[in-house]
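Start from the sequences and build out the full structure, keeping to the hints where you can.
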Amino acid sequence: MTIASRVGDPEGKTSPEELLAAAHATCFVTSLGSELASAGTPSEQLEVLCTITMDEVAGMGHRIVSSAISARGSAPGANAASFAQAAEAADAGCPFSALIKASATVTVQATLEEGS
Amino acid sequence: MTQRTANVTWSGSLMDGNGTIESVDSGAFGPLEVTWASRTEDPKGLTSPEELIAAAHAACFSMALSHGLAQAETPPSRLDTSATVTFVPGTGITRIALVVRGSVPGIDATGFAEAAAAAKEGCPVSKALAAVPEITLEASLAS
Numbered sequence: 001m002t003i004a005s006r007v008g009d010p011e012g013k014t015s016p017e018e019l020l021a022a023a024h025a026t027c028f029v030t031s032l033g034s035e036l037a038s039a040g041t042p043s044e045q046l047e048v049l050c051t052i053t054m055d056e057v058a059g060m061g062h063r064i065v066s067s068a069i070s071a072r073g074s075a076p077g078a079n080a081a082s083f084a085q086a087a088e089a090a091d092a093g094c095p096f097s098a099l100i101k102a103s104a105t106v107t108v109q110a111t112l113e114e115g116s
Numbered sequence: 117m118t119q120r121t122a123n124v125t126w127s128g129s130l131m132d133g134n135g136t137i138e139s140v141d142s143g144a145f146g147p148l149e150v151t152w153a154s155r156t157e158d159p160k161g162l163t164s165p166e167e168l169i170a171a172a173h174a175a176c177f178s179m180a181l182s183h184g185l186a187q188a189e190t191p192p193s194r195l196d197t198s199a200t201v202t203f204v205p206g207t208g209i210t211r212i213a214l215v216v217r218g219s220v221p222g223i224d225a226t227g228f229a230e231a232a233a234a235a236k237e238g239c240p241v242s243k244a245l246a247a248v249p250e251i252t253l254e255a256s257l258a259s
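Sequence lines, in order, name chains A and B.
Note that the numbering used here has the first sequence beginning at 1, numbered continuously upward.
Note that the numbering used here has the second sequence beginning at 117, numbered continuously upward.
These aren't lab readings, by the way, just hints derived from the structure by calculation.
It is possible that some hints are incorrect.
Here are some of the chain B residues that sit facing chain A, going by a computed Cβ distance under 8 Å [to be verified]:
id : residue
1  : Q119
2  : N123
3  : T125
4  : L130
5  : G133
6  : I137
7  : D141
8  : G143
9  : A171
10 : A172
11 : M179
12 : G208
13 : L253
Pairwise CB distance ranges, derived in the manner of DEER restraints [unchecked claim]:
id : chain 1 : residue 1 : chain 2 : residue 2 : range
14 : B       : G227      : A       : T2        : 19 to 27 Å
15 : B       : D158      : A       : T111      : 46 to 54 Å
16 : B       : G206      : A       : A81       : 25 to 33 Å
17 : A       : I3        : B       : A233      : 20 to 28 Å
Below, simulated DSS-like cross-link-like pairs (lysine-lysine); rule was C-alpha separation at most 25 Å, straight line [what the hints assert, rightly or not]:
id : chain 1 : residue 1 : chain 2 : residue 2
18 : B       : K236      : A       : K101
19 : B       : K160      : A       : K101
20 : B       : K236      : A       : K13
21 : B       : K243      : A       : K101
Note that this is a predicted model, so its numbers are computed, not measured.
Note that CB positions come from ideal geometry on N, CA and C, so glycine has one too.
Encoded structure:
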């Protein structure tokens, strides 16, 4: 890991922000699975992407400014509204979301894959 | 502006199912398997969100400290940092303990402790995780 690979082209090297993205995606996916199961519509398959953005903020140096979650998956018995509700509850329940919200913006986008 | 993305999948229930950190932007790691049991009990060789946060924090802190020491014209020859994240299911992350041991020519223990404290405050991951109830730091010089 180097400063150059952290802020520029990663060139195959990870970075603190990438590790946080992996942590947040993992934390969120377990929360979402748990919420869907509690709602009586357990998921079959979930996929979560998390993008962490670090930016230089005037007077404050480098800051992690946002974490954007995008979740999709199949959960028999769920509909778009209940899936979105579960995603909202997952965001509220995931410890990492709770922490990072104090200092950065967290956005959640959820898409139910119907049928199959 | 820098962006890094991770892609994670999960199959089955929370307790009996399992997840996979499929890939990350850089390609540096993955796929890595995760389970609820590996997160809260014996890891059995599997990682967890909290372990990834520990790695992120230790790396971020080390970079910030190295940078601060270099700016003070006492660049380190080596920094050895550990970060231990405490996770309490149902409560969340309650504590992060940073421990650093440095080989830094030309600095005394007080100077090193001050530089380490500044790195702990200033590193982007510390700022992002400022809501953690307790973040501790232990800094010492290798003899």
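(request) Double-check B:I137 for me: the hint is only fine if its C-beta lies closer than 8 Å to a C-beta in chain A. (result) Since chain A brings a Cβ to about 5 Å from B:I137, closer than 8 Å, the hint holds.
(request) Decide if the proposed pair is consistent with the structure: B:K243 and A:K101, CA atoms, cutoff 25 Å inclusive. (result) 11 Å, holds
(message) Let's test the interface hint: is any C-beta of chain A closer than 8 Å to that of B:A171?
(response) With a closest approach of 5 Å, the B:A171 hint holds.
(request) Could you check if B:L130 really has its C-beta closer than 8 Å to a C-beta on chain A? (result) 4 Å, holds
(request) Would you check whether B:M179 satisfies its interface hint, that is, whether its CB is within less than 8 Å of any CB in chain A? (result) 6 Å, holds
(request) Starting from B:K160, check that the Cα of A:K101 is at most 25 Å away, please. (result) This hinted pair is violated, its Cα atoms lying about 31 Å apart.
(request) Measure nothing beyond the straight line between the CA atoms of B:K236 and A:K13; if it is 25 Å or shorter, mark the hint as holding. (result) Judged against 25 Å, a Cα distance of about 23 Å means the pair holds.
(request) Hold the hint about B:Q119 up to the distance rule: shortest CB distance to chain A must be less than 8 Å. (result) 5 Å, holds
(request) Indicate whether the distance between the beta carbons of B:G227 and A:T2 respects the range 19 to 27 Å. (result) The hint (19 to 27 Å, Cβ to Cβ) holds, given that B:G227 and A:T2 are roughly 25 Å apart.
(message) Let's test the interface hint: is any C-beta of chain A closer than 8 Å to that of B:T125?
(response) Result: holds, 5 Å to nearest chain A Cβ.
(message) Range first: 46 to 54 Å. Now tell me if the beta carbons of B:D158 and A:T111 are that far apart.
(response) Roughly 35 Å apart at Cβ, these two residues miss the hinted range, so it is violated.
(message) Less than 8 Å between beta-carbons is the criterion; does B:N123 satisfy it with respect to chain A?
(response) Since chain A brings a Cβ to about 5 Å from B:N123, closer than 8 Å, the hint holds.
In summary, the structure is inconsistent with hints 13, 15, 19 from the numbered list given earlier, while agreeing with the others.
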